[in-house]
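Engineer: Here is what each chain is made of, one letter per residue.
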Amino acid sequence: MTRYAPWNEGRASEIISAHLAEEGPALPILHALQEEFGCIPREAEPLVAHALNITRAEMHGVVTFYHEFRAHPPGRHVLRLCRAEACQSMGGERLAASLLDRLGIDWGETTADGALTVEPVFCLGLCATAPSAMLDERVKGRLTPAKLDHLVAEARGA
Amino acid sequence: MTRIFIPRDSAALACGADEVAEALAAQARARGLALEIVRNGSRGMFWLEPLVEVETPAGRIGYGPVAPEDVAGLIAAGFPAAPAHPLALGPVAEIAFLKRQTRFTFARCGLTDPLSLADYRAHGGYRGLARALSLGAAETVEEVVRSGLRGRGGAGFPTGVKWKTVREARGARKYVVCNADEGDSGTFADRMIMEGDPFALIEGMTIAAFATGAAKGYIYVRSEYPDAIAAMNAAIGLARGAGLLGPDVMAGGFAFDLEVRKGAGSYVCGEETAMLESLEGKRGMVRAKPPLPAHKGLFGQPSVINNLVSFASVPFILAEGAKAYADVGFGRSRGTMPIQLAGNIRHGGLYEIAFGVSLGELIDEVGGGTASGRPVRAVQAGGPLGAYFPRALFDTPYDYEAFAARDGLIGHGGLVVFDDTVDMARQARFAMEFCALESCGKCTPCRIGSVRGMEVMDRLIAGENRSANLALLRDLCNTMKWGSLCAMGGFTPYPVMSALTHFPEDFGPHSLPAAAE
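Residue numbers (this note's numbering), protein chains in the order written: chain A, 17 to 174; chain B, 338 to 854.
Extracted from the complex, chain A is given alone in its bound form (with noise of 0.2 Å):
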């Protein structure tokens, strides 16, 4: 079971069609492309750098300049764990390493399971309650040990 859908030039057509009246569409694309598909398919960077009349070298150039498009679709959930400043004064370097470590990936990578891939992400503007992480998009605060090994034994049991 995946999130996401597989590969559709089609569809992908269509997603690059319904931005192309924006000023600047390539940013709204991407993040619609990745949003359908989990990633920026390598099928789908030829058919948006036609349609914004650019060359395929400078759309990969702009795919891969963001931290945030994938190559590849991640597990079911995606965990991302702030890195920055005000959450490795909180400890948030130990506690990623720990999870890390029991998990048996490096950052970016997915468990064997396919249920969790794991992320870094610099600063989620929650510094005042670090160590902070994001599972999707629901925001977590105050991590402890505990309360991540929680969050993971949620993500990989649903």
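Note that these hints are calculated values from the structure, not bench results. Since we're looking at a predicted model, the values are computed, not measured. Hints are not guaranteed to be accurate.
As the list claims (entries may be wrong) - Covered by chain A, per the in silico footprint, the following chain B stretches (three or more residues, Cβ under 8 Å):
#, region
1, 343 to 350
2, 376 to 387
3, 409 to 423
4, 520 to 529
5, 666 to 679
6, 754 to 766
Unchecked claim - Have a look at the derived ranges for each label pair, beta carbon to beta carbon:
#, chain 1, residue 1, chain 2, residue 2, range
7, B, P734, A, G120, 43 to 53 Å
8, B, A625, A, G26, 37 to 47 Å
9, B, K660, A, P62, 52 to 62 Å
10, A, H76, B, E738, 37 to 47 Å
11, A, H66, B, G590, 50 to 60 Å
12, B, V665, A, D129, 49 to 59 Å
13, A, W23, B, A571, 31 to 41 Å
14, B, D757, A, G120, 25 to 35 Å
15, B, A492, A, P136, 20 to 30 Å
16, B, F591, A, H76, 50 to 60 Å
17, B, G410, A, R172, 31 to 41 Å
18, A, Y20, B, A805, 49 to 59 Å
19, A, P136, B, A808, 24 to 34 Å
Just so you know, even glycine gets a beta-carbon here, dropped at the ideal spot from N, CA and C.
Please build the complex by placing chain B on the supplied structure of chain A, with the hints as guidance.
Structural biologist: Just chain B now, kept in the frame of chain A:
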């Protein structure tokens, strides 16, 4: 019907505000209590979140921090009137952290329902735009000039002067762009306004559009803020529906509309020219200046680009007059600054105060020292590109020039506190690592310098050739500071050099005592 306020601010949500609201609603239903739950913004006292407030004839009474499992006990103690409960805080307006503030920009945040236009107007909203319309565009710009407002993103450039340049610039069309790419760790003021008082931003940008002759505005929000994006989009829809955005704003004879654009996880897109490139759909590469964005900005057109807090400060300035704003402050820093106390701090949150308060007062008295209870060792002011201040510099007044005089910056107003367990050499290494990760790559000092900086720091941390590597680090920082195109590479030396200057003991060989050198 008793009105209960439970914040929808994401810091409150991160600590369980939704669950508290659900638990309270369930208890009220079960016991037949007549409670109306309003989801307000946050007051900015994050150590008390979720802060539950009860409206009474004597003002709002607070309880916090309330966990979902506290709700049953609160009800048993007599909530909404449970003054003896251990979580009872008494009148919220009397809490010292709040009472000592001068809230101009954040006057409504935490008080109102963020998505109620009626609430916004009842608390002074749209009086600023009404006055701007009566003054006319040119005089509106002058009023902002007179207020002394300087860019709250960090550069501190006078906002009114920028507006005047755009007003006088010629272009087929003009834009108003709000930089809400709040990437600095330790900052959350932009997020709090978007989630807690979004109409203030809409009104501020509308005033800017009226004053400069722009018809279209963009709010560039980082993708890490999904709640802020949702709140902002909802508020824009409401404003449009009420004729406050659209073809004839407030029946004032001018058109202006707004759109939220989502970033994609790039820190450097908070640099204004990189943000413009990103809005245009390109890689977020910094542009060389000149031309200034005020002359050739978004899509090559004259553009007003301000930080979110700058825009959100404008409705107060127009409504109350420039003098009311400029009357408070310190030196050339006029008005108030929403200072954000973050990291390892006991009383973390947003503290809006006139410039001039000392760093020590902010950290020790307002913030109450560390959350861990250990001694404060360092405070990073102004985000990942800001300097680390030791206790010895706690007398520094909060002011653009005073911080600069001590090789620091106030940036967007963040202060991140570290206790005595911090390793400052590691923090210096992180500054280089972050720059390497986020550099747009356009200029060499930043792109290459940051990677070399990481390597030098690794050697220092490993205790190799200390004096040679320190000399190299200083030289590299000097090159980055003076040779980079923008603040990304140009300011990364601030955290690195301040760590080295103020905490040299952390840069010694770890395995050997200092005397062995």
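Engineer: Given a hint of 24 to 34 Å, does the C-beta separation of A:P136 and B:A808 actually sit inside it?
Structural biologist: Between A:P136 and B:A808, where Cβ atoms are some 33 Å apart, the hint holds.
Engineer: Just to be sure I understand the hint, the distance between the Cβ atoms of B:F591 and A:H76 should be within 50 to 60 Å; is that true here?
Structural biologist: 42 Å, violated
Engineer: Return holds or violated for the Cβ distance of A:H66 and B:G590 against the range 50 to 60 Å.
Structural biologist: 42 Å, violated
Engineer: Evaluate the given range 25 to 35 Å for the C-beta pair formed by B:D757 and A:G120.
Structural biologist: Because 34 Å falls inside the window, the suggested range holds.
Engineer: According to a criterion of three or more residues whose C-beta lies within less than 8 Å of a C-beta of chain A, is the region 754 to 766 of chain B covered?
Structural biologist: holds (count 5)
Engineer: Quick one: see if chain A covers the region 409 to 423 of chain B, three-plus residues with Cβ-Cβ under 8 Å.
Structural biologist: violated (count 0)
Engineer: Given that the region 376 to 387 of chain B was listed as covered by chain A, double-check it with a C-beta distance under 8 Å for 3 or more residues.
Structural biologist: Coverage by chain A holds for the region 376 to 387 of chain B (3 residues, Cβ < 8 Å).
Engineer: Between A:W23 and B:A571, is the Cβ distance one that fits in 31 to 41 Å?
Structural biologist: 33 Å, holds
Engineer: Between B:A492 and A:P136, is the Cβ distance one that fits in 20 to 30 Å?
Structural biologist: Given about 28 Å between the Cβ atoms, the range holds.
Engineer: CB of B:K660 to CB of A:P62, is that within 52 to 62 Å?
Structural biologist: 59 Å, holds
Engineer: Apply the coverage criterion to the region 520 to 529 of chain B and chain A: a residue qualifies when its Cβ sits closer than 8 Å to a Cβ of the chain, and three qualifying residues are needed.
Structural biologist: holds (count 8)
Engineer: At the C-beta level, are B:V665 and A:D129 separated by a distance inside 49 to 59 Å?
Structural biologist: For A:D129 against B:V665, whose Cβ atoms are near 57 Å apart, the range 49 to 59 Å holds.
The earlier numbered hints that this structure contradicts are 3, 11, 16.
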